[in-house]
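With the first letter of the sequence shown counted as 1, position 123 gets the number 123 in my numbering; the numbers rise by one all the way through.
Hints may be right or wrong, so weigh each one.
As the list claims (entries may be wrong) - The following label-pair restraints were derived from C-beta to C-beta distances:
#, residue 1, residue 2, range
1, 23, 66, 25 to 35 Å
2, 73, 34, 21 to 31 Å
3, 2, 135, 36 to 46 Å
4, 22, 70, 46 to 56 Å
5, 74, 38, 42 to 52 Å
6, 144, 70, 26 to 36 Å
7, 163, 3, 16 to 26 Å
Claimed, not checked - No more than 20 Å apart at the CA atoms, straight line, and that leaves these computed lysine to aspartate or glutamate pairs for EDC-like:
#, residue 1, residue 2
8, 38, 50
9, 46, 28
10, 38, 28
11, 135, 34
12, 135, 155
13, 151, 28
14, 38, 3
15, 135, 109
16, 148, 127
17, 38, 127
18, 38, 49
19, 36, 60
By construction, these hints were calculated from the structure, which means they are not laboratory data. Idealized CB from N, CA, C, for every residue including glycine.
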Amino acid sequence: MSDQRFDLMVILLCLCINLVEFCPQMRDLVVASDSKLKDLIELLFKRIEEAQRTEQQTDELLESHEKVQMTEAMRDSLLHTMLSQSGNHMEHSIIAACIALLLGCTIQDNMRYTNIVRSNLPNLSFDPLVEVLQKLRDFAYLADIMTKKGKERVDRIIQVFKSS
């Protein structure tokens, strides 16, 4: 994914999150179209799968080089590949987390919307969304990349999913 496309996608998702979080009419729009909701959930799980695949490839790459005597050029090449893989993993994970936040804001305080969203999830479970948001929260705390208010919002949405 190009940097500009990723940036634009995150900006648009964040705009949607803010609109849905504070405007019940916007929540109506998210669940009004069954096909759009399904597309959003499909994108979420596609990004989760891509992040997992990238993580697995990175692990396999590391394992394949564990017992190999490497030159400095080989180490540099491996490091470059690992950094590229981690960047891809981060992009997929952030987009998945943004979609999870959007869905969490959509279902807050509305059991009907909770049931609609849940009925479109694999295994009818919010667990994968909680996992994605916990990873975002943990990374945000570790890297100190999110405001206190932002971290609180993520924690609140995690609780929305866990209590649903």
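Outcome of the hint check:
no., hint, result
1, 23 - 66: 25 to 35 Å, "violated (52 Å)"
2, 73 - 34: 21 to 31 Å, "violated (54 Å)"
3, 2 - 135: 36 to 46 Å, "violated (24 Å)"
4, 22 - 70: 46 to 56 Å, "holds (53 Å)"
5, 74 - 38: 42 to 52 Å, "holds (45 Å)"
6, 144 - 70: 26 to 36 Å, "holds (33 Å)"
7, 163 - 3: 16 to 26 Å, "violated (37 Å)"
8, 38 - 50, "holds (18 Å)"
9, 46 - 28, "violated (24 Å)"
10, 38 - 28, "holds (15 Å)"
11, 135 - 34, "violated (28 Å)"
12, 135 - 155, "holds (11 Å)"
13, 151 - 28, "violated (25 Å)"
14, 38 - 3, "violated (26 Å)"
15, 135 - 109, "violated (24 Å)"
16, 148 - 127, "violated (24 Å)"
17, 38 - 127, "holds (17 Å)"
18, 38 - 49, "holds (16 Å)"
19, 36 - 60, "violated (36 Å)"
Figure legend: structure checked against the earlier numbered hints; hints not met, in rising order: 1, 2, 3, 7, 9, 11, 13, 14, 15, 16, 19.
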